[in-house]
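What follows is the residue order along each chain.
Number of protein chains: 4
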Amino acid sequence: MKRIAVLTSGGDAPAMNAAVRSVARSAIFRDIEVVGVRRGYEGLLEGDLIPLTKSSVGGIIHRGGTILRTARSERFRRPEGINEALQQLKRFDIDGLVVVGGDGSFRGAWELVQRGFAVVGVPATIDNDIAGTDMTIGFDTALNTVLEAVKKIRDTASSHDRLFIIEVMGREAGFLALEVAVASGAEYVLVPERPVDLPRLCDKLHYARKRGKTHSLIVLAEGVMAAHELAGQLLDTGGYDSRITVLGHIQRGGSPSAFDAVLASRMGAAALTGLVEGQTGVMAAYRRGGMELVPLSLAWEQKKELNTELLDLVEKLSI
Amino acid sequence: MKRIAVLTSGGDAPAMNAAVRSVARSAIFRDIEVVGVRRGYEGLLEGDLIPLTKSSVGGIIHRGGTILRTARSERFRRPEGINEALQQLKRFDIDGLVVVGGDGSFRGAWELVQRGFAVVGVPATIDNDIAGTDMTIGFDTALNTVLEAVKKIRDTASSHDRLFIIEVMGREAGFLALEVAVASGAEYVLVPERPVDLPRLCDKLHYARKRGKTHSLIVLAEGVMAAHELAGQLLDTGGYDSRITVLGHIQRGGSPSAFDAVLASRMGAAALTGLVEGQTGVMAAYRRGGMELVPLSLAWEQKKELNTELLDLVEKLSI
Amino acid sequence: MKRIAVLTSGGDAPAMNAAVRSVARSAIFRDIEVVGVRRGYEGLLEGDLIPLTKSSVGGIIHRGGTILRTARSERFRRPEGINEALQQLKRFDIDGLVVVGGDGSFRGAWELVQRGFAVVGVPATIDNDIAGTDMTIGFDTALNTVLEAVKKIRDTASSHDRLFIIEVMGREAGFLALEVAVASGAEYVLVPERPVDLPRLCDKLHYARKRGKTHSLIVLAEGVMAAHELAGQLLDTGGYDSRITVLGHIQRGGSPSAFDAVLASRMGAAALTGLVEGQTGVMAAYRRGGMELVPLSLAWEQKKELNTELLDLVEKLSI
Amino acid sequence: MKRIAVLTSGGDAPAMNAAVRSVARSAIFRDIEVVGVRRGYEGLLEGDLIPLTKSSVGGIIHRGGTILRTARSERFRRPEGINEALQQLKRFDIDGLVVVGGDGSFRGAWELVQRGFAVVGVPATIDNDIAGTDMTIGFDTALNTVLEAVKKIRDTASSHDRLFIIEVMGREAGFLALEVAVASGAEYVLVPERPVDLPRLCDKLHYARKRGKTHSLIVLAEGVMAAHELAGQLLDTGGYDSRITVLGHIQRGGSPSAFDAVLASRMGAAALTGLVEGQTGVMAAYRRGGMELVPLSLAWEQKKELNTELLDLVEKLSI
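Chains as they are written, first to last, in full-length UniProt numbering: chain A, 1 to 319; chain B, 1 to 319; chain C, 1 to 319; chain D, 1 to 319.
Only chain A is shown next, with the shape it has when bound in the complex:
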């Protein structure tokens, strides 16, 4: 390999920059040139590439978002688009590509792999819903961001004796909602992986009130329903008045936590090593504390399971 490229794609996640830095420095360490593709696959199609040097990736490890930016690309979803992308890669003499992103980004990468181009993925999403890796880049930071927000809301909830519903990200996965519920000592959690049992939730609220608990927090993953919808149902079913907070985009931003900065550094380096050693169609994965390379296809072929131990914990510890 003489020259590789790195791009970030899909929704941005904290520590994407740390991953880009790690890929770039690991490459330079081996005397491989690196270019950054701006705005994901769309930028690749447009040939929007910039050289990455030792110093141009200096100081980015702590920055939120992605300096390479990211974008959706309709064109890249069509076969012509993919072929054009391959031509661009060829035109710029690029021998391998590291894609930092989520499952949608990996499906795109797979198209390139299928056509013979070497691609290694680095899983990055605050949802942590990529099978094959125990953790994705950005999840730990988002978890801490949400925890801080929930702690602030608890101040108000307990001062006003109120019931609060906090809607967090997670369209199809409840990892963020579940871990933050445990970490914050929330009373209830609703995740897409489990059916909503409103009568039971109302029973618990009733029981809590009866024994003097004057405030409660419900953590709700957006994939279950909207917060205002749940508030309506709680009012209709049990007469419970609640306040809602939709955390929104603050969950994606911020300087990476220590865990994420380390994870992104390890994954970026592992991805580069994989490329150099001839791997393709794989992603860097954190499994049982160590780095491995696993098939990209796990991202869309397998469904990552919630840890039921944590579901039980919320139940048990919020008595």
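Hints are all accurate, no fakes.
For identical chains, the list gives no copy identity; a pair is met inside one copy or between any two copies.
With a Cα cut of at most 30 Å, we get these calculated DSS-like pairs of lysine-lysine: (1) Lys54 <-> Lys213; (2) Lys213 <-> Lys151; (3) Lys54 <-> Lys204; (4) Lys204 <-> Lys2; (5) Lys304 <-> Lys204; (6) Lys316 <-> Lys210; (7) Lys2 <-> Lys316; (8) Lys2 <-> Lys210.
Hints in this document: simulated from the structure, not taken from any laboratory.
Please build the complex by placing chains B, C and D on the supplied structure of chain A, with the hints as guidance.
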């Protein structure tokens, strides 16, 4: 004075606990007994009082919310309610009251003052919209909370080349929105004190895009309109697609900033001194860096003006 | 089991309170009574016990330090002391004990186990140097605290073109130093597990300067040598002027990170379950992402190895 | 004015970058060119200047340290150096200079003013010890940084029942120590402006212990004596065992607080306006909540007084 009471009322604000601690310790320092009234005027009517001691207010200076809790009281708005409150104060041998809260709480306090009971206020609201004092307790903390959130959103905005609308608290006042716009380098700010000039906003967005600015942040005080409404108008008027974030209740919570912890400590002590020296119907005020006691009535008789220097700054510095 | 006790011992670590809460609530969930022993083994000898209830452990999950406090106990190191402790446990009708602490605390626990008393440990130390568990409670929080500090120091280092030595905790283990070096993008790291190679360090500094790097950060684990000592050697050997910062006790405090709050909740629950199921002489362990119970003796019989992959990363990524 | 320059000098302080951005954008807003001088007066002598544009100062408002860097300059202290500096300013067609720094930097600026060059200062130091302005840039951020550190240390202090001495910056001024003592609820504070009364301090410690207070925090400004020295005296005089923490350089770094970001923005704009309007030998000052221009010479001719109200508060509130 042998025994005084302190209560928190209205919306909770960071550093209310620091104020309660300061009132209590300042009283105890002068050998005056202190009781805390729980849940504001409602608790007063119910006689829900607890003794405050040196140690019971230890360790609360950094806690968000209010350990005394707060509540709305319909009863206290009626003349009978006020008379009952006076009877409770008498029943518990209370010679003076410190009310920590906003303008609604001060109007309530004024009713007691009118009937001859000694009350001193401590202005606390994250809106900073109380005339007579340059700063209210909680404003600086909320400002920092919002700034942190805006910084996170900027990460995403710049990664995705997006226009973001961030809705912050402020029904009738734009202090929070304005200061956070300056502090975060936001491109635009909309406050209730100024008419919305949508064509001009669209012009500025147009000009910014033209010279290559790919992302922008608009800080919107909730009193102007809802964020989704503004998003709709931007789309209709100028074809601008935007994302919205409504910060909500996280703005009220959190451990106080250093400024707020100091301000609350100073105000609590000043209020107690005022009471002891026979003042009533006044509030502790931060004016030009110093502590003063000013009439409570300023809170509803005067309107605090926005600093136009800051409005100009947003314009000038976001070029 | 009808009644169990929990104590915290040794140096305090973030999330100890979250562990205590989890032990207590898990017990109450199973209708087992819980008492908290104050000031570790010393408090046990003195019979300084307090009942823990659902609500008395409410709101402590986010608090730094330990509400049960901790202390050294000379008495407990002697056989008589251990027998007295057993008598106290008997006197208070305690059937099992959870010890939250580090290896010293576990050795103490082992003495009780040897004499037939049921004890389960929860490993808590910011050093993460307990074999048998991948992570100890408090490590992740301390890592983030140190990372924040290093980021602040880098601001000054780069503004003044300076070389900084940052001394972090770790008498016998370099886990904290190593992970923070990776997470912060520090240029060098010195850990007790590796010999100091001063000429090589000077070579790297020399080379960095030559290619224009005007500032550098060295992370030093306290167990290697004191920061001022290293500064002296760098000056003598290579003529390098440096500034030093000794982070000290701030590393132990603070509200737990999300990871630590979850880990402590899981470990506390696992320890209680272990006790109930008749286990003794074991500790809750985080292994490969899951909860296990492993022999307490691993804490002093095995040495936990540094991850050499991370040592290589510091080298590779700080080019 | 057609072209102005801005430099940062002396010790770095948070929000220096926000000030540089504000100076630059305010100038560009008026169609004035701006250059940044790197490494303070030393860089000026070397002609190390870079153009500042709308976009080159974009995104720096939140960054700690100073992107222009700072350095000491021995040469600039001599008359020849000052003349050379004037020649450089002439050579680069610079009509006016904004100096962001502390009193030492302002004395240097004064030499240029004396020789007829237009200079306006922006007071920036975490010590807040510049007379003529109620607040300097960086103070509020440092205060919050120190407060966070003290809160962490209190966790450990209360867990271990210990007496802690926390040494903070402040060679000749106790502003930082005093405000943090109030904000953190510290039990004692020692500042350079007041003589140390060790017997009285020991009395207070004695009394505190007697009434059950098991831990205490002493905030010590470095200008009084070193922390280990005070620890020694406390041991010798009263037999008090203490732990020490020297906060060091972390106090200078970090992203600016909201207050500092606003203050720096206002001061930078005011300084530029002053220059344009023909002012020289003045600095932007925050007085009673508003912006003014005051003589630079106040910085070294007057001594800013500590607020004795705050000294009393520490006494009164730490009972």
